[in-house]
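Count the sequence shown with numbering that gives the first Met the number 0 and you get residues 0 to 279, in order.
It is worth saying that the hints were derived from the structure and are not from the lab. Remember, predicted model here, so these are calculated numbers, not experimental data. We put the CB at the ideal spot given by N, CA and C, even for glycine. Where hints are given, some of them may not hold.
As the list claims (entries may be wrong) - When the alpha-carbon atoms are kept at most 20 angstroms apart in a straight line, the in silico SDA-like pairs for lysine to any residue are as follows:
#, residue 1, residue 2
1, 98, 34
2, 188, 41
3, 193, 203
4, 142, 154
5, 188, 70
6, 193, 174
7, 193, 29
8, 114, 89
9, 188, 29
10, 114, 145
11, 193, 98
12, 188, 69
13, 188, 61
14, 98, 114
15, 142, 152
16, 98, 69
17, 98, 65
Unchecked claim - Derived CB-CB ranges, DEER-like:
#, residue 1, residue 2, range
18, 185, 151, 31 to 39 angstroms
19, 95, 200, 22 to 30 angstroms
20, 80, 169, 18 to 26 angstroms
21, 171, 77, 31 to 39 angstroms
22, 98, 186, 21 to 29 angstroms
23, 147, 190, 21 to 29 angstroms
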Amino acid sequence: MPSPRLPEASFPLHLPHVWSGSEMGAQEGICAPSTHACLDAQLPGNGWPVGGVVEVLQAQPEDHVWRLLLPALGQAVQAHAGPVVLINAPREPFGPGLKAHGLPAERLLSIHADKPSARVWATEQALRCADVAAVLAWLPQVKSAELRRLHLASHQQERMFFVFRPLHVQADASPARLRVMVEGHEALKVHILKRRGPPLASPVLLAAQTGRLAELLQARKGRAAPPQAALPVKPITPTPSLAHLATAAIKGPAPGQQKIKEESNVERIASALDRIALPG
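Could you put together the complete structure from these sequences and hints?
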């Protein structure tokens with residue numbers, strides 16, 4: 000005997016974590032506006048999701064991606080006392096350009112690791128550090144299982160988290176709540192590859208940077224890259240969480256795991272930690 004069919008009215012119209020493929024899904028949790036109105040209009044929650052991985056695909060690492068993220072990162076450092084942690088950034092960001100968008104260079108903590116497993120390990124430690132405002136990680140060789148673990152860590156800590164990967168992983172499965180591909184140099188094309196909603200056939204076009212930022216970037220191109228002088232910031236005593244992060248980054252994983260870096264990196268990480276400016 001067939002089971003009785005329930006009336007359609009008995010089914011809830013809206014379920015958490017479920018959305019129609021033809022409609023924009025509701026974004027759970029906090030979202031940080033990108034301040035690009037045409038981009039925010041296409042993102043569930045009208046901004047970058049906080050608490051889960053946001054995946055950014057590029058043909059090669061480029062500085063212009065900072066234009067997408069700086070407004071949200073500026074908000075993050077205002078809301079949190081700790082730093083924005085950069086894992087294996089391809090080059091040091093241009094300080095005046097960051098400051099022009101509300102992100103002082105002294106609020107950055109840069110950590111480098113030679114081996115892919117060490118980069119993943121350092122990223123997870125940063126995500127679980129209570130004092131960290133946001134994490135940006137360049138992980139071209141991250142595995143699917145590792146990316147899922149990082150996604151869960153970001154979700155549990157409600158941490159802003161961006162991962163940068165090459166274009167050839169576009170067809171791979173990803174746990175990312177939002178996945179975009181960025182093209183261009185002056186004007187940007189942002190292809191939204193994955194979101195809680197219908198596919199977006201055309202990329203979002205973002206105009207070239209403002210005149211002031213363009214001047215700063217042009218000044219950077221026209222000058223050599225001498226060693227940067229120490230920033231005139233008052234030394235601070237790091238909080239226990241940040242001290243643990245720096246110590247972990249210097250010492251590396253527990254026995255049986257891959258060390259994050261050799262002795263040559265100790266002074267670099269310790270110096271970066273000393274540059275973090277926390278409000279007194």
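Hints and how they fare:
1. 98 to 34: This hinted pair holds, its Cα atoms lying about 16 angstroms apart.
2. 188 to 41: holds, 13 angstroms
3. 193 to 203: holds, 14 angstroms
4. 142 to 154: holds, 18 angstroms
5. 188 to 70: Holds, because 18 angstroms separates the two Cα atoms, which is no more than 20 angstroms.
6. 193 to 174: holds, 10 angstroms
7. 193 to 29: Roughly 18 angstroms separates the two Cα atoms, so the pair holds.
8. 114 to 89: OK: residue 114 and residue 89 at ~14 angstroms, within 20 angstroms.
9. 188 to 29: Given that 20 angstroms is the threshold and the Cα spacing comes to 25 angstroms, the pair is violated.
10. 114 to 145: Between residue 114 and residue 145 the Cα gap is close to 14 angstroms, so the pair holds against 20 angstroms.
11. 193 to 98: Given that 20 angstroms is the threshold and the Cα spacing comes to 31 angstroms, the pair is violated.
12. 188 to 69: holds, 17 angstroms
13. 188 to 61: Holds: residue 188 and residue 61 sit about 13 angstroms apart, inside 20 angstroms.
14. 98 to 114: Cα-Cα ~31 angstroms, so violated.
15. 142 to 152: holds, 15 angstroms
16. 98 to 69: holds, 9 angstroms
17. 98 to 65: Holds, because 12 angstroms separates the two Cα atoms, which is no more than 20 angstroms.
18. 185 to 151: 31 to 39 angstroms: holds, 37 angstroms
19. 95 to 200: 22 to 30 angstroms: violated, 38 angstroms
20. 80 to 169: 18 to 26 angstroms: Taking Cβ atoms as reference, residue 80 and residue 169 lie about 37 angstroms apart, which means the hint is violated.
21. 171 to 77: 31 to 39 angstroms: With Cβ atoms ~35 angstroms apart, the hint holds.
22. 98 to 186: 21 to 29 angstroms: holds, 24 angstroms
23. 147 to 190: 21 to 29 angstroms: holds, 23 angstroms
Figure legend: structure checked against the earlier numbered hints; hints not met, in rising order: 9, 11, 14, 19 and 20.
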